[in-house]
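Chains H and A, in that order, are what the protein sequence lines are. If you're matching positions, the first sequence starts at 220 in our numbering and goes up one per residue. If you're matching positions, the second sequence starts at 1269 in our numbering and goes up one per residue.
Derived by calculation from the structure, the hints in this document are not laboratory data. In this text the structure is predicted, and so the values were computed from the model without any measurement. Beta carbons are placed, not taken as given, at the ideal position from N, Cα and C, and that holds for glycine. Possibly wrong hints are sitting among the right ones.
[As the list claims (entries may be wrong)] For lysine to any residue, the following SDA-like pairs were computed, each having C-alpha atoms within a straight-line distance of at most 20 Å:
1) H:K308 with A:D1604
2) A:K1697 with H:Y371
3) H:K293 with H:G250
4) A:K1699 with H:L375
5) A:K1597 with H:Y249
6) A:K1597 with H:A404
7) H:K308 with A:Q1612
8) H:K308 with A:Y1610
9) A:K1341 with A:I1329
10) H:K293 with H:N304
11) A:K1597 with H:E289
12) A:K1699 with H:Y371
13) H:K312 with H:E237
14) H:K348 with A:L1616
15) H:K348 with A:Q1612
[Stated by the list, open to error] Label-pair ranges, simulated between beta-carbon atoms:
16) H:P347 with A:K1294: 52 to 58 Å
17) H:V238 with A:A1403: 49 to 55 Å
18) A:F1467 with H:A349: 40 to 46 Å
19) H:D311 with A:A1433: 27 to 33 Å
20) A:V1534 with H:G250: 41 to 47 Å
21) H:K345 with A:L1398: 27 to 33 Å
22) H:N304 with A:G1476: 51 to 57 Å
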Amino acid sequence: MAEAATNIDRSNMKISDEVAIEIRGMNKWYGDFHVLRDIDLTVNRGERIVVCGPSGSGKSTLIRCINRLEEHQKGDIIVDGTELNSDLKNLDKVRAEVGMCFQHFNLFPHLTILENCTLAPIWVRKTPKAEAEETAMHFLEKVKIPEQAGKYPGQLSGGQQQRVAIARSLCMKPRIMLFDEPTSALDPEMIKEVLDTMIDLAEEGMTMICVTHEMGFARQVANRVIFMDAGQIVEQNEPEEFFQNPKSERTQLFLSQILGH
Amino acid sequence: MSDISFVRHDFIEPSPPPASSVGPVKWIKDNLFSGPVNSGLTLLSFAFIALVLYEILPWLIDSSWSPEEMSLKGCRAEVSGACFAVINERFYQFIFGFYPSEYYWRPSLAFLLLVVALWPVLFNNAPRQLLWLSAVYPVLAYWLIWGGTIWGPLLVLAGPAIGWAISAYGQDTIEAAIGEAFAPLVTLILSVLAVILWFLFCVAPIDGVLSSILPIGLTEVASDRLGGFMLSLIIGVVGIAASLPIGIALALGRQSDLFIVRSLCVGFIECMRGVPLITLLFVASTLLAYFLPPGTTFDLILRVCIMVTFFASAYMAEVIRGGIAALPKGQYEAADAMGLTYWQSMQLIILPQALKISIPNIVSTFIGLFKDTTLVIVIGLLDPLGLSGAIRADAAWNGIVWELYGFIALFFFIFCFSMSRYAAYLESKLKTDHR
Chain H
220 MAEAATNIDR SNMKISDEVA IEIRGMNKWY GDFHVLRDID LTVNRGERIV
270 VCGPSGSGKS TLIRCINRLE EHQKGDIIVD GTELNSDLKN LDKVRAEVGM
320 CFQHFNLFPH LTILENCTLA PIWVRKTPKA EAEETAMHFL EKVKIPEQAG
370 KYPGQLSGGQ QQRVAIARSL CMKPRIMLFD EPTSALDPEM IKEVLDTMID
420 LAEEGMTMIC VTHEMGFARQ VANRVIFMDA GQIVEQNEPE EFFQNPKSER
470 TQLFLSQILG H
Chain A
1269 MSDISFVRHD FIEPSPPPAS SVGPVKWIKD NLFSGPVNSG LTLLSFAFIA
1319 LVLYEILPWL IDSSWSPEEM SLKGCRAEVS GACFAVINER FYQFIFGFYP
1369 SEYYWRPSLA FLLLVVALWP VLFNNAPRQL LWLSAVYPVL AYWLIWGGTI
1419 WGPLLVLAGP AIGWAISAYG QDTIEAAIGE AFAPLVTLIL SVLAVILWFL
1469 FCVAPIDGVL SSILPIGLTE VASDRLGGFM LSLIIGVVGI AASLPIGIAL
1519 ALGRQSDLFI VRSLCVGFIE CMRGVPLITL LFVASTLLAY FLPPGTTFDL
1569 ILRVCIMVTF FASAYMAEVI RGGIAALPKG QYEAADAMGL TYWQSMQLII
1619 LPQALKISIP NIVSTFIGLF KDTTLVIVIG LLDPLGLSGA IRADAAWNGI
1669 VWELYGFIAL FFFIFCFSMS RYAAYLESKL KTDHR
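Model the full assembly from the supplied sequences, consistent with the hints where possible.
So this is what it looks like as structure tokens:
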């Protein structure tokens, strides 16, 4: 497990009372398979939540429901005051406010890095091209790869691609960021650069939900860790308590397995 | 105990490779004589090529383009090789069919304009304004080749203009009338409807009136006088140009979540693909007349073009669907997650990549389609193959085979090979994955 930067500036990491995401009694099925069962979760603005759990526990599905890449069948999901239902207008609104990073980056290979970053602002937000490019360069500088702007994704390393993916999401000026195992497809050396970028984001007060196995990141950055198994939330707590003093047996077993070596 | 510790202090400078591993010597060694089996095969191949050339070259060299007497007999009297005199004599017929010779300039100009109109479509370095020519080219070429008054083509061109005008200027009026919510949709429906009504009910009568008042234009040439390579090119170019967009629409329709749209597309594709092209051509030449309202005169070549286009677009749809299916799911998800609409993600993300992947197969379909244009011979149209039959029926050229078919083959090869080279160029230009 790569250790992320140790000294974190917590001055901007304030959790407000304003609710960013509210999930009530949410259920999802894939055909007959009950993937998510009665999920209740409230995320306040400024929260940094790490979701962990064994594979197949539904953690990715959970965050993919938040921007409706997966459709839930029962219960409510309210993002930024907008309810996610079959209304496409609501959906577009939510998707423009919620940024997402994927395990396999999903950059567009036929566009340059800069074009990847300006595409959504130009077409969704109708930003003028010059302004979109300026914003894109700003965020590329933030993730420390402005010099790659003219290249294609295929020419970059995995860690660089994931940082571009983060910059691409940020260009939409999202209020919430979702991370779906952003470091799982990376070499150990590259994990750190991506985690550092995510820590920078957290330091600026971004509301984040991360599905990740980076327990070091969870310990340092998260204000809440959620453990899922068999499609339900088994335990959630502050990281300190969660790691030192797991209450449920299932959590203890999971932690002993991933921290055991 | 030996000392295993080692630290490198000075790094070795790069040096050029040895002479035997670069240049033509290396190429010959690697590619022709890399081992005993390969050396043997190389020698065998050279022998085979030499044999073929030995047989063909004398035939080509000892040939006659213009013997005293313009006939096969005249050739045979003078030379032992090929008798290209037939091509010499019937050259214009091969190109234009029975098109009146005083108007040869019209199809020639149309062909020239085709090259110009294709330039901005195929290459980036053309002035963008030329795209206007590409847009009006189909109507222009039709007018040049078939002739008639200028009004018909102008009225046809007015159709899209009317649609555009309604969608550009009508929206405010419609918004005021029915409110903002449905205005864009209603405007779209209205403009499409207006264009359809225009083509169905306005073009022909207005054309008739205007043409009788002010008959400016070109002399009409009947369809049955068209033939030769010109005919192959007309059908081929129409088929290629129209089958790509229709194929894309069908491919997207087949992937659609809307049941009716999907079923219609699947039905169309399967029906068109499941029927031999010759059957469709017969439908075009005979059956279609029964389905159309009585009195409709619908040009035979136009009907053939439509059928060939439908046939090719069914294949095209499947080729493009393959390209779309080859894209990882993550591309759709990333586009969705950014808030792009369906059409935006298709236009910006999915289709550019899917089409790029499908280029080799698309071009194969194009080449197949172009060669299939020779099938129109079965419904009596005089494509080059049809003409060759007619020429051989002439007593002067009775018995000539190789020269005619060789010439036709050369024509098709030039066009098909150009398409294949263009595809290769496009592929290398669009290559961004740097694998």
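Hints, one by one, checked against the model:
1. H:K308 with A:D1604: holds, 13 Å
2. A:K1697 with H:Y371: holds, 14 Å
3. H:K293 with H:G250: Measuring from Cα to Cα gives roughly 14 Å; hence the hint holds.
4. A:K1699 with H:L375: holds, 15 Å
5. A:K1597 with H:Y249: holds, 17 Å
6. A:K1597 with H:A404: holds, 16 Å
7. H:K308 with A:Q1612: It holds: about 15 Å lies between the C-alpha atoms, which stays within 20 Å.
8. H:K308 with A:Y1610: Cα-Cα ~13 Å, so holds.
9. A:K1341 with A:I1329: Holds - the C-alpha atoms of I1329 (chain A) and K1341 (chain A) are around 18 Å apart, at most 20 Å.
10. H:K293 with H:N304: Given that 20 Å is the threshold and the Cα spacing comes to 10 Å, the pair holds.
11. A:K1597 with H:E289: Holds, because 13 Å separates the two Cα atoms, which is no more than 20 Å.
12. A:K1699 with H:Y371: holds, 10 Å
13. H:K312 with H:E237: holds, 19 Å
14. H:K348 with A:L1616: Given that 20 Å is the threshold and the Cα spacing comes to 15 Å, the pair holds.
15. H:K348 with A:Q1612: At roughly 16 Å apart (the allowed maximum being 20 Å), Q1612 (chain A) and K348 (chain H) satisfy the hint.
16. H:P347 with A:K1294: 52 to 58 Å: Holds - the Cβ-Cβ distance for P347 (chain H) and K1294 (chain A), about 55 Å, lies within 52 to 58 Å.
17. H:V238 with A:A1403: 49 to 55 Å: About 53 Å separates the Cβ atoms of V238 (chain H) and A1403 (chain A), which means 49 to 55 Å holds.
18. A:F1467 with H:A349: 40 to 46 Å: At roughly 42 Å between Cβ atoms, A349 (chain H) and F1467 (chain A) fall inside 40 to 46 Å, so the hint holds.
19. H:D311 with A:A1433: 27 to 33 Å: About 30 Å separates the Cβ atoms of D311 (chain H) and A1433 (chain A), which means 27 to 33 Å holds.
20. A:V1534 with H:G250: 41 to 47 Å: violated, 23 Å
21. H:K345 with A:L1398: 27 to 33 Å: For K345 (chain H) and L1398 (chain A) the Cβ distance comes to about 29 Å; the hint holds.
22. H:N304 with A:G1476: 51 to 57 Å: Given a distance of about 56 Å, which is inside 51 to 57 Å, the answer is holds.
Hint 20 from the list above is the single one not met by this structure.
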